[in-house]
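**Q** Could you put together the complete structure from these sequences and hints?
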Amino acid sequence: MARKITYQQAINEALDQEMTRDPSVIVMGEDVAGGAGSPGEDDAWGGVLGVTKGLYAKHPGRVMDTPISESGYIGAAVGAACNGLRPVAELMFIDFMGVCFDQIFNQAAKFRYMFGGKAKTPVVIRAMYGAGFRAAAQHSQCLYNMFTHVPGLKVVVPSNPYDAKGLLIQSIRDNDPVIFLEHKALYTMEGDVPAESYIVPFGEAAVVQEGDDVTIVAIGRMVNYAKEAAANLRKKGIQCEIIDPRTTSPLDTDTILESVERTGRLVVVDESSPRCSMASDISGFIAQEAFGALKAPIQMVTAPHVPVPFAASLEDLYIPSPARIEEAVMKVKEYR
Amino acid sequence: MTSPLNREALLQAYRTMRIIRDFEERVHVDFATGEIPGFVHLYAGEEASATGICMHLNRKDYIASTHRGHGHCIAKGVDPVSMMAEIWGKATGTCKGKGGSMHIADLEVGMLGANGIVGGGGPLICGTALASKIRGENNVGVCFFGDGASNQGTIFEAMNLASVWKLPVIFVAENNGYAEATSSNFSVAVDNIADRASAFGMPGVIVDGFDFFAVYEAAGEAIKRAREGHGPTLLEVKLSRYYGHFEGDQQTYRAPGEVQKLRETKDCLMQFAKRVTSRGELSAADIEAIDAEVKAMIDASVVKAKADPLPAPSELMTDVYVSY
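Listed in order, the protein sequences are those of chains P and C.
First residue of the first sequence: 1, per my numbering; consecutive thereafter.
First residue of the second sequence: 337, per my numbering; consecutive thereafter.
Take the hints with a grain of salt, since some may be wrong.
Said to hold, decoys possible - Within a straight-line C-alpha distance of at most 35 Å, the following computed DSBU-like cross-link-like pairs (lysine-lysine) qualify:
#	chain 1	residue 1	chain 2	residue 2
1	C	K426	P	K118
2	P	K227	P	K4
3	C	K426	P	K120
Since the hints were made in silico from the structure, they are not lab data.
**A** Put into structure tokens, the structure is as follows:
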């Protein structure tokens, strides 16, 4: 039975259902309960934004506050995954990968290959990403591209509550290390979500809406901006096809390729900075595989190559907007 | 003090140390010919540490190791023949030739991997221990690391986390005096690495790493403590490596004659053999029989490794993901 819940509730529900189903699932992170060792409430915060609230009481001993010690506990989650658990470790802000990246990309990601296929590391690392909260340069980045670059990792970027739940359940059941990225601005987004457990498979893009004029590939929050832009463009008689890859690793290149071969026009929308981004990656792939089908140069709508600024006037400029997506679509549509 | 080990255990201890020594001496010789690819870091000289500690462990206890990991692997029960093939980069190796010397792992026997990242193992072993604790088992995790890694933040974080969560972990600082070419007298800000234990709320114990029996006894206490749920211990094993940081290192940073003197006066195998034979616990013939058997095994492992096939090109793309 579907009912409307938020992206945040969908994530909480996925964790709760998987912890109920499988006793090997544990949740750990800084303040995922909040209150460990303190005189007040045990589940004081339930995550810094309350995403894990309530799990502590429902699953005794399996929701663990950690010290602010990302290398320590992210690595511990990886080690626990090697020894039979399915840990979901919360990194809070993805920007904090800087203090624990070794445990992710040199350890978790490489075990299976380095050890000749004998290891599996079913760990999920959840983190918030994205700009729009005046949180400035160290709490606002996207960085999914950096994880996508690493063989051995899977990278999940849900754009709505339905996908958030189904993809998180798949992430927990998956036998490889998964980076699960939650856009802060989407936590309050409501959508239809079935109450029962379900999975959304990895590597299967969603065709958010169909259209024959221009293909828009958008990541995470940008999917919703692309929908706004497409609604305006429809009034001008331009039909956009919007593709949400949902996972950047594995990436459903088939769906993107099929669409571009039909429309001949591609706009890629990516909230991260442009160099070595998902935008450049998808553009490069299409340039190689569908050169003959292209009727116009590919357009990338990304943030500029600068750190995320603090001031409202600058951050608003930084984030790709529906207006910029519209401009890019017009540019590819009107080319020749 | 009378040895607490019976004859069978003494034979096992000597045999393990002898396998490690001969394995490493042989890799040293073969590396010099240029036939072994990559980077190799030898454990010769440190055998009493891995052996004295791992003799207390079972297959469900995990160890995390270092770039100098051959000795830990052997002591934990990884097959030396497949290890030799791995070091030679062959398809028959422990990791199908995909890991090499710095990444030998065998989770079946609780060996979580040698590790090319200095200090990489500390957080990981907290995780294996946490899994064991959550399941209500009494298995422990042992994190081997060197004096170099003792200065890494990962080790500090792991020691704090292990104490905070009261995990069954033994942190084993194998202080061989040199982090690459830099002396631990310079790089470690305290007199002993074990002195840092109090900062993380755990006991710190210093032990002579040339003395198998001293290591065995100290490790036994720390591991018992962990199994009984009393939390982690930091064990500093003071020892020395006989070869360079990596093969090819001329060790010009060491004092002239330093290694030769250690070999002649303190060598762990020599001390072990002298002690058990002088006490009549093992005979000279027992020792000689092991020496001969191990030498033949190591020789055969090299013959096999040389003859074994390289990984097939199709192996390049496999084993990245469980499913993708």
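**Q** Can you name, in rising order, the numbers of the hints this structure does not satisfy?
**A** none
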